[in-house]
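Colleague: Below are the chains, spelled out letter by letter.
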Amino acid sequence: MTGPRRAEPIYVGYLPTPERHQRLLRVIVPAMLVLAVVSAGLIAGAQRSPGPASWSAEAERFEGTLVLVPYPVLLPDRESDPPMYLVAAGKFGAAGLGPLGGRRVEVRGTVLRRDNALMLELPSGAGPREVPGPTRALQDAVAIPVTLRGEIVDSKCCLGAMKPGEGKTHRACATLCVRGGIPPVLVSTADDGRTLYTLLTTAENGPANTLVLPHIAEPVTLRGALTDRAGIRVLAIDSIE
Amino acid sequence: MSAGYKAVQWNAHKRRYDAAVAGFIVLYLASFVGVGMATHRPPDDISPPILLIRALATLGIVMLHIILAIGPLARLDARFAPLLYNRRHLGVAFFLVALAHALLATLFYGGFGVQNPASAVLAGYGSFASVSAFPFEVLGFAALLVFFVMAATSHDFWLANLSPRVWKWVHMSVYAAYFLVVGHVVLGALQSETSPLYAGLLFAGVAGLIVLHGLAGLRDRRQDRGAISPDGAWVDVGDVGEIAENAAKVVCLAGRERVAVFRHGGRLSAVSNVCAHQGGPLGEGRVIDGCITCPWHGYQYRPGDGQSPPPYTEKIPTYRVRVEGRRIMLNPEALAPGTPVEPAIIPPAPEEPAP
Ligand code: FES
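Here the protein sequences come in this chain order: A and B.
So the mapping is simple: the numbering used here equals the position in the first sequence, first residue as 1, plus 17.
So the mapping is simple: the numbering used here equals the position in the second sequence, first residue as 1, plus 11.
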C-alpha cells in the first residue's frame with residue numbers, strides 16, 4: 018500500500034456529478050418517466066364505466082303537457098314518447114312552474130338522456146310558455162307496496178350531467194343538487210339486470226328532497242308505494258334504511 | 012446557504028431536476044387523460060373535469076410516494092443522493108398538483124349550487140362515525156393544509172428563522188398528512204371504484220414505504236449498536252487505518268450526538284455528525300477543497316474550527332482528538348460550535364507512509 022484508502026466520491030449538487038451517481042441517474046430518470054406513462058395508463062384504464070348517458074349541446078324545442086309529479090315533468094303528446102323531467106341550469110330544480118301545471122306548454126332546452134329516461138335543462142331566464150292545444154291528464158295509477166334496494170342520487174347528474182354521477186366521490190355534489198331542488202331518484206337493478214330509475218316522493222306525494230338528504234349515495238332500502246305515472250316509476254316513500 | 016436569501020438558488024443540476032419533474036407531471040397527466048378517453052368512449056365517456064380531477068389525484072399520490080421513498084433510499088444507498096438534493100422542488104410541485112386537484116374537485120362537485128363550494132364539499136353531508144357516510148373530503152383538506160405549511164416554509168429563509176427543530180417537526184408532519192391522504196382515498200374513491208388494482212396499488216405503496224423506512228431505520232440502529240460508553244475523559248474510537256483519506260468514521264457515543272472523525276492531509280479532525288442545515292449526516296460527506304462537505308445539500312465546514320468559510324456563517328460543534336500509536340482518542344465533550352481545535356497529526360506508519 019502506498020497511502021490511505023481512497024473514499025468513493027460523494028455527490029454534491031454544485032460540483033460535477035461523480036460517475037457512479039451518473040450511472041444510476043441514467044437508469045432511474047428514464048425509468049421514472051416510463052413509470053409515469055405506464056402507471057397513469059393502467060390507473061386510467063381501470064376506471065369504472067359510467068354507463069351510456071349523454072347531454073346534447075344544442076337546445077331543442079318541445080311541446081306537451083306540464084304536470085307536477087310532484088316535480089315538473091313534460092308529457093309529450095304521443096303516449097309512446099317518454100316523459101321528460103324539467104330542471105334549471107346548475108344544481109337547481111325548475112322552480113315556480115306550479116301555475117302552469119296541467120297546461121300545454123312549449124319549452125326549449127338541452128336534453129340529458131340515460132337509457133329511456135329523459136331530462137330537459139331549461140336555460141336560465143327562459144322557462145316554459147303556455148301555448149294553445151290539447152293536454153293530457155295523469156291517470157291515477159294503482160299503487161303497489163314494494164321494497165327497493167339501491168342508491169339515491171340526483172336525477173340530473175345521473176342522467177348525464179356528470180359522468181359518473183353517482184358513488185361516494187359524487188356524494189357532496191348529489192347532496193347539493195337534491196338540496197337545490199333537483200328530483201331525487203333511486204337507481205336499482207331489476208331481476209333481469211336492467212337498471213331502474215325510480216322517482217322519489219314523500220308518502221303524501223310531495224317532493225322528497227329533504228327526506229332523502231341524509232341517505233344520498235349510500236346503499237339504502239326503501240319501502241313504499243310504487244306507481245307508474247305516464248311511464249315514470251314513482252315511489253312514495255314510507256321508510257328509508 | 013445563509014449568506015443571503017434568493018427566492019430559489021439555481022444551478023445546472025437543479026434545472027435538470029426541475030425539468031425531469033415537469034416532464035414526469037406532463038407525461039403522467041397526458042397519459043391518464045389520453046388513455047381515459049380512449050378506453051371510455053362516448054356514450055360511456057367520463058366527464059372531462061372528472062377525468063382531470065382523477066388524473067391530478069392519482070399523480071399526487073404517486074409523487075407523494077416518490078418523495079417519501081427518496082429519504083430512506085438515499086440513506087440505504089448514497090447513489091440516490093442526487094434525487095435528495097433538490098427534493099424540496101419536488102415537494103412544492105407535489106403541493107401544486109394536490110392544490111389543483113382540490114380546487115377543481117371543490118368547484119366541480121361543490122359549485123353551481125345553493126351553497127358555497129367549500130362548505131358544500133366539506134360540510135355538505137356525512138357522519139364521522141360511519142365508513143360509507145364519512146366526509147372523506149375533510150381528510151384531504153387537512154392533508155392539504157399540512158402540505159401548504161410545508162411548501163410555504165420549505166425555503167432556507169424559514170429554516171434559519173424557525174429553528175431547525177421546529178422546521179424538522181413541521182416536515183415530519185408529512186407522515187401524518189400521508190395517512191390523512193390514505194384515509195381520504197380509502198373512505199372516498201375506493202368506496203365506489205371497485206377495481207382491485209386501486210386497492211392493490213395503494214396497499215403496495217403503504218407497505219413499500221413502511222419497509223423502506225424500516226430498512227433505513229435498521230441501518231441506523233446497527234450503527235448505534237456499536238455505541239461507545241465514554242467512561243473517562245478520552246475514549247479509544249478506533250484505528251486510523253479505518254478511515255479513508257478525505258472521509259470520516261462516524262462514532263456513536265451512548266446518549267450523545269454522533270461524532271464524525273475526518274482524515275484529511277495526514278491529520279484528523281472531529282466534528283458533530285449533524286449538519287447545521289437540515290441535520291444531514293456529515294460523516295457520510297467528504298473533505299472537498301479543504302472543507303468538510305455535507306452529502307445532502309453541500310454545506311461546507313472547515314475541519315479546524317467547524318465554521319463555514321466566509322461569507323457563510325454556519326457553525327457546528329467540534330471535538331478534541333489525538334492519536335496514540337495508531338489509535339484514535341476522542342474527547343467526548345462537545346465544544347461550542349465553531350471552536351478551533353488543532354487537528355491531530357497521524358504519525359507515519361511503515362505500511363502506510365504519510366502522503
Ligand atoms: S443537511 Fe443540507 S447541507 Fe447538510
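Honestly, the hints are just simulated from the structure, not real lab data.
Please note: incorrect hints may appear among the correct ones.
[Unchecked claim] Label pairs and their computed distance ranges (CB to CB):
no., chain 1, residue 1, chain 2, residue 2, range
1, B, 347, A, 32, 42 to 50 Å
2, A, 80, B, 139, 32 to 40 Å
3, B, 110, A, 231, 42 to 50 Å
4, B, 207, A, 132, 25 to 33 Å
5, A, 206, B, 160, 44 to 52 Å
6, B, 130, A, 258, 48 to 56 Å
[Said to hold, decoys possible] One-sided and incomplete, this derived list gives chain B residues near chain A with beta-carbon spacing under 10 Å:
no., residue
7, 29
8, 31
9, 62
10, 70
11, 121
12, 124
13, 172
14, 173
15, 204
16, 255
17, 261
18, 354
19, 358
[What the hints assert, rightly or not] A few chain B residues facing chain A, derived, Cβ under 7 Å:
no., residue
20, 42
21, 127
22, 149
Given the structure is predicted, the values throughout are model-derived calculations rather than measurements.
For glycine and all other residues, C-beta sits at the position ideal for the given N, C-alpha and C.
Colleague: Now look at each hint and say whether the structure bears it out.
Modeller: Outcome of the hint check:
1. Take residue 347 (chain B) and residue 32 (chain A): their Cβ atoms lie about 30 Å apart, and the range 42 to 50 Å is violated.
2. Between residue 80 (chain A) and residue 139 (chain B) the Cβ separation comes to about 50 Å, which falls outside the hinted range of 32 to 40 Å.
3. Separated by about 31 Å at the C-beta atoms, residue 110 (chain B) and residue 231 (chain A) break the suggested range of 42 to 50 Å.
4. Against the hinted window of 25 to 33 Å, the Cβ-Cβ separation of residue 207 (chain B) and residue 132 (chain A) comes to about 28 Å, which satisfies the hint.
5. A beta carbon spacing of about 46 Å between residue 206 (chain A) and residue 160 (chain B) agrees with the range 44 to 52 Å that was offered as a hint.
6. Checked against the hint of 48 to 56 Å, the pair residue 130 (chain B) and residue 258 (chain A) fails, with Cβ atoms roughly 28 Å apart.
7. For residue 29 (chain B), the shortest C-beta to C-beta distance to chain A is roughly 13 Å, which exceeds 10 Å, and the interface hint is violated.
8. Restraint check, residue 31 (chain B) versus chain A: the minimum CB separation of about 6 Å is within 10 Å; hint holds.
9. For residue 62 (chain B), the interface hint holds, the least distance from its beta-carbon to any beta-carbon of chain A being 8 Å, beneath 10 Å.
10. The interface hint given for residue 70 (chain B) is met, as the beta carbon of that residue sits about 7 Å from the closest beta carbon of chain A, less than 10 Å.
11. Annotation: interface hint on residue 121 (chain B) holds; nearest CB of chain A at approximately 6 Å, less than 10 Å.
12. Here the hint on residue 124 (chain B) is kept, as its CB sits about 4 Å from the closest CB of chain A, short of 10 Å.
13. Interface restraint check for residue 172 (chain B): the shortest CB-CB distance to chain A comes to about 23 Å, outside 10 Å, so the restraint is violated.
14. Restraint check, residue 173 (chain B) versus chain A: the minimum CB separation of about 23 Å is more than 10 Å; hint violated.
15. Proximity of residue 204 (chain B) to chain A holds as hinted, the smallest CB-CB distance being about 6 Å (cut-off 10 Å).
16. Contact between residue 255 (chain B) and chain A, as hinted, is supported at the beta carbon level, the nearest pair being about 4 Å apart and thus within 10 Å.
17. Look at residue 261 (chain B): its Cβ only gets to about 13 Å from chain A, farther than 10 Å, so that hint breaks.
18. The beta carbon of residue 354 (chain B) is not positioned within 10 Å of any beta carbon in chain A (closest approach about 15 Å), and the interface hint is therefore violated.
19. This hint is violated: residue 358 (chain B) has a C-beta 13 Å from the nearest C-beta of chain A, more than the 10 Å allowed.
20. Evaluation of the residue 42 (chain B) hint against chain A yields a held restraint, the C-beta minimum of about 4 Å falling below 7 Å.
21. For residue 127 (chain B), the interface hint is violated, the least distance from its beta-carbon to any beta-carbon of chain A being 10 Å, above 7 Å.
22. Interface restraint check: residue 149 (chain B) against chain A, minimum CB-CB distance 11 Å, threshold 7 Å, status violated.
Comparing the model with each numbered hint stated earlier shows that hints 1, 2, 3, 6, 7, 13, 14, 17, 18, 19, 21 and 22 do not hold.
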